[in-house]
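Protein sequence lines correspond, in order, to chains A and B. Using my numbering, you'd call the opening residue of the first sequence number 1 and step up by one each time. Using my numbering, you'd call the opening residue of the second sequence number 1001 and step up by one each time.
Careful: at least some of the hints might be erroneous.
[Claimed, not checked] Which residues of chain B face chain A? A few of them, derived with a C-beta cut under 8 Å, are:
1. Ser-1028
2. Ser-1031
3. Arg-1050
4. Ala-1103
5. Met-1126
[What the hints assert, rightly or not] Straight-line C-alpha distance at most 27 Å; calculated BS3-like pairs for lysine-lysine:
6. Lys-35(A) to Lys-1021(B)
7. Lys-1116(B) to Lys-1033(B)
8. Lys-1021(B) to Lys-1033(B)
9. Lys-39(A) to Lys-1033(B)
10. Lys-84(A) to Lys-74(A)
11. Lys-1116(B) to Lys-122(A)
12. Lys-1116(B) to Lys-1021(B)
13. Lys-1033(B) to Lys-74(A)
14. Lys-134(A) to Lys-39(A)
15. Lys-84(A) to Lys-1116(B)
16. Lys-1033(B) to Lys-77(A)
Calculated directly from the structure, the hints in this document are not laboratory data. C-beta atoms are modelled at their ideal positions from N, C-alpha and C, and glycine is treated no differently.
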Amino acid sequence: MRNFNKRLLWAIAIFATAATSGCYPNRKGAIYNTKSPQKGAVVFEHAGDTNGAAQATMPGGERCEGRFNTVPDKAKKTYDGGAKQILEEETQAGLLVLTCGQAVVACNFTRDLWAAGYGTCKDSRGEQYELLFK
Amino acid sequence: MAAVVALAGTVALLGGGCANKQSARIYSLSSGKAATFDVDSATDNHGALRGTLPSGEQCTGDFSASASDETRLSATFPYPAASAEAGVVVLNCGAQVLQCVLARRPGQGFSFGSCKDQHGAEYAMMF
């Protein structure tokens, strides 16, 4: 009986890990320098979540880490007792902030239900970039 | 029984307080440096902020929020956020004054924001 309980607990733990880590896959994007033909890469972890971690390599080769967060744009809503509730966020506006050594990159973006979209970025050195999700 | 009621009350108070308080990182888009801000009553229509600018100045301020302030959000962020709420903030930081717009889901804490000081220096805020 004790062995059965132990196996059940392991099964629950493995299922929970798979469920939480596998629901929302990572989403890749490209970061383009708008003044020179250079391209970098960004990965949004668990991209279907409303917020999360991100890693990037800037067009110049700098490695960056940061976070993204979103708010709803177009949404399916219901009015429950007068209070507005969002059923589904069809599109979102978001902000990604990356720290790249001594520099900071901030990207505003828009994306849809499948985490596809685009954005514009600027860094603390005055450079501008375009962000395109793949 | 009284102890159980007291414990439940304490848990409810602590839980309520924590849920309504948020911390944010503010990033200078001029210097690349970051600092931390705290927001009280983050899910309410108005509340207080306090923190430090990346340059070291201490700041205090207030926010006031309204539902689906698309005009304000569109003026601040390049992409529309029609189903979000906007919180307008004024921060007094010694000789500096920052105006910020924060965005959030209805009934929830803030997600991110954008600020500008009186000289035009820009900041990004991430919750």
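Do the hints match the structure? See the list:
1. The restraint placing Ser-1028(B) at the interface with chain A holds, with a minimum CB-CB distance near 7 Å, inside the 8 Å limit.
2. Restraint check, Ser-1031(B) versus chain A: the minimum CB separation of about 6 Å is within 8 Å; hint holds.
3. Because the beta carbon of Arg-1050(B) sits about 21 Å from the nearest beta carbon in chain A, more than 8 Å, this interface hint is broken.
4. Using the Cβ-Cβ criterion of 8 Å, the hint placing Ala-1103(B) at the interface with chain A is satisfied: the shortest such distance is roughly 4 Å.
5. Annotation: interface hint on Met-1126(B) holds; nearest CB of chain A at approximately 5 Å, less than 8 Å.
6. The hinted pair formed by Lys-35(A) and Lys-1021(B) fails the criterion: a straight-line CA distance of about 42 Å is larger than 27 Å.
7. This hinted pair checks out: Lys-1116(B) and Lys-1033(B) have alpha carbons roughly 15 Å apart, not beyond 27 Å.
8. A hinted pair counts as satisfied when its Cα atoms are at most 27 Å apart, and Lys-1021(B) with Lys-1033(B) qualifies at roughly 24 Å.
9. With a CA separation close to 25 Å, the supplied pair Lys-39(A) and Lys-1033(B) stays within the 27 Å bound.
10. Between Lys-84(A) and Lys-74(A) the alpha-carbon distance is near 14 Å, which keeps this suggested pair within the 27 Å criterion.
11. Among the hinted pairs, Lys-1116(B) with Lys-122(A) is consistent with the structure: their alpha-carbon atoms are about 15 Å apart, no more than 27 Å.
12. A threshold of 27 Å between alpha carbons decides the hint, and for Lys-1116(B) with Lys-1021(B) the separation of about 23 Å falls inside it, so the pair holds.
13. Between Lys-1033(B) and Lys-74(A) the CA atoms are separated by roughly 34 Å; this puts the pair beyond 27 Å, and the hint is violated.
14. Proximity of Lys-134(A) to Lys-39(A) is assessed by CA-CA distance (about 13 Å); at most 27 Å being required, the pair is judged to hold.
15. Pair hint Lys-84(A) plus Lys-1116(B) does not hold up; C-alpha atoms about 31 Å apart against a cutoff of 27 Å.
16. Pair hint Lys-1033(B) plus Lys-77(A) does not hold up; C-alpha atoms about 39 Å apart against a cutoff of 27 Å.
The structure does not agree with the numbered hints 3, 6, 13, 15, 16 stated previously, though it agrees with the rest.
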